[in-house]
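Spelled out from the first residue to the last, the chains are:
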Amino acid sequence: MSLTTYIIFAIIKLAIVLFVLLTAVAYIVLLERKVVARMQNRWGPNRVGPFGLLQPLADGAKFIFKEDIIPDSVYKPLYIAAPMIALILALTSISLIPFGENWKIAGYHVPLEITAFWNGNGIQDINIGLLIILGITSIGVYGVALSGWSSNSKYSLLGSLRASAQLMSYELSLGLSLVGVLLISGSLSLRQIVDSQGGSIVNWNFFGRLQFIAFFIYIMAAYAETNRIPFDLPEAETELVAGYHTEYSSMKFAMFFMAEYCNMVTVACLATILFFGGWHSPFEALHIAAPALWIAISPVFWFVVKVFFFIFLYIWIRGTLPRFRYDQLMAFGWKFLLPLSIANIIVTSLVLALRS
Amino acid sequence: MLHQVLFIIFGVVCVAGALNLLLQRHPINSALSLIVVMGALALLFLLLGAEFVAAVQVIVYAGAVMVLFVFVIMLLNAGVEEHTRGSRVAIFLGIPGLIAFFIFMCWAIGSNGSALGQARIGSFYVPTQELGIALFREFLLPFEVTSVLILIAIMGAVVLARRER
Chain S
1 MSLTTYIIFA
11 IIKLAIVLFV
21 LLTAVAYIVL
31 LERKVVARMQ
41 NRWGPNRVGP
51 FGLLQPLADG
61 AKFIFKEDII
71 PDSVYKPLYI
81 AAPMIALILA
91 LTSISLIPFG
101 ENWKIAGYHV
111 PLEITAFWNG
121 NGIQDINIGL
131 LIILGITSIG
141 VYGVALSGWS
151 SNSKYSLLGS
161 LRASAQLMSY
171 ELSLGLSLVG
181 VLLISGSLSL
191 RQIVDSQGGS
201 IVNWNFFGRL
211 QFIAFFIYIM
221 AAYAETNRIP
231 FDLPEAETEL
241 VAGYHTEYSS
251 MKFAMFFMAE
261 YCNMVTVACL
271 ATILFFGGWH
281 SPFEALHIAA
291 PALWIAISPV
301 FWFVVKVFFF
311 IFLYIWIRGT
321 LPRFRYDQLM
331 AFGWKFLLPL
341 SIANIIVTSL
351 VLALRS
Chain U
1 MLHQVLFIIF
11 GVVCVAGALN
21 LLLQRHPINS
31 ALSLIVVMGA
41 LALLFLLLGA
51 EFVAAVQVIV
61 YAGAVMVLFV
71 FVIMLLNAGV
81 EEHTRGSRVA
91 IFLGIPGLIA
101 FFIFMCWAIG
111 SNGSALGQAR
121 IGSFYVPTQE
131 LGIALFREFL
141 LPFEVTSVLI
151 LIAIMGAVVL
161 ARRER
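Same order as they appear, the protein sequences are chains S and U. Be aware that the first sequence starts at 1, since it is given in my numbering, and climbs by one per residue. Be aware that the second sequence starts at 1, since it is given in my numbering, and climbs by one per residue.
If you are wondering where the hints come from, they were derived from the structure by calculation, not from laboratory data. Incorrect hints may appear among the rest.
If the Cβ cut is set under 8 Å, some of the chain S residues that face chain U in the computed set are [stated by the list, open to error]:
id : residue
1  : I123
2  : Q124
3  : N127
4  : L134
5  : G135
6  : A145
7  : W149
Cβ atoms here follow ideal geometry from the backbone N, Cα and C, with glycine treated the same way.
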């Protein structure tokens, strides 16, 4: 494969993933409004188009045509840069996610993720995908912190302080909860982590390898990282108006909003890859005969199904749980999740050492 | 060819960030330029093939240490700094020293150029597993000593920050 074909493939993949992701984000918002409405015995948006399916388009148009207000007292360069930082980092992390097995297109071996590097004569997977995603999440604090500070408003500053403290505290548990999975698969490459779970449903880290405690820690910490209920204190509307994006309007607010939902998708993808066997079908052990087309498509199908389940879980929890108090949030992160994740590492490595 | 282009790009970004750090008048802009420097350094590590070091550079320095810097600046609400006209020591000692340093570096690299060799993309490639094995087998004692040192530093920070009432 020459450099030119590599670049062409990269651009095509970039365009497809960006289109699918942004459409998905728009419809996740609609799904959330619908599902939460049904949980509260309401109808939800149902006026625009059949079943309200065109609501995201109407929302998008509204965001674009709204007046973009920049308050006088903001520190302008950072006020404008902050939503961009948030969205760019959210979009960057999704580019490391592999969505399925390698495809063969026109004789070329094409991995189904955007960031695969060119090693001179072919495309190669990235070895430390998981670490890079963790790095991008850790930089993600700046979008929130800078927006709150540059807005020069007390609600924004308090919201961003809360958000940054929360992100830093839960990042620790998040990183440590993944160590068990890394010990089992022995690799930092997302593709190899998925490959190590192949064969049957028993090989998934969640079921057969007893990483459900790690999964619990991961999902709690990830909810806190994405500022979602029950950890949405940074934008607690009863106390802080809207938290760090109080002073933002129009597309700048929409960028924060899109970044939040992109991060949700990334978290769901990572949960699928790390704990639920990635693109492996749950019926893989049965060896059911299937047509060739289905064999090519089924990895992506199962991946999307699992990701959809986690997105639904997000919405379900939003409709169910109340918000934490701030001291409860910190105590939960430091006094419960962190010791639990360290215990998980010790037990997992002990079991692995005794078995080998 | 490609590695030279990438090296020059990230090297220039790195140096420009460092200069911007000194020239900016607002502390938060200086802190942000330092983040750019850290990021560019991580990419330079990545060019050499030290992928784990690059990732850790981003996670620890750009993601954790600099967040604390930014926090402190935000909480202290530090204003625009005042520029003085510079001291005489800087003019009479610093500038000749800088020129001498540049000349020395040019001479050293120019005269030993062939002996220094060349670095290409990934010429110092170390897989993360091998790094871990080296760290926990051959360098276990230094590793443990460092961790004890960090632990003592944490305890010292707690003791200093917590005043007896």
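Each hint, compared with the structure:
Taken as an interface hint, I123 of chain S does not check out: its beta carbon lies about 15 Å from the nearest beta carbon of chain U, beyond 8 Å. Using the Cβ-Cβ criterion of 8 Å, the hint placing Q124 of chain S at the interface with chain U is not satisfied: the shortest such distance is roughly 11 Å. A distance limit of 8 Å between C-beta atoms decides the matter here; for N127 of chain S the minimum to chain U is near 6 Å, and the interface restraint holds. Residue-level restraint check for L134 of chain S holds (minimum Cβ-Cβ distance to chain U is 6 Å; threshold 8 Å).
Hint status for G135 of chain S relative to chain U: holds, with the closest Cβ pair at about 4 Å, below 8 Å. Because the closest C-beta pair between A145 of chain S and chain U is about 6 Å apart, less than 8 Å, the hint holds. With 8 Å as the threshold, the beta carbon of W149 of chain S comes within range of chain U, its nearest partner Cβ sitting at about 5 Å, so the hint holds.
In the structure shown, a violation is registered for the earlier hints numbered 1, 2, in ascending order.
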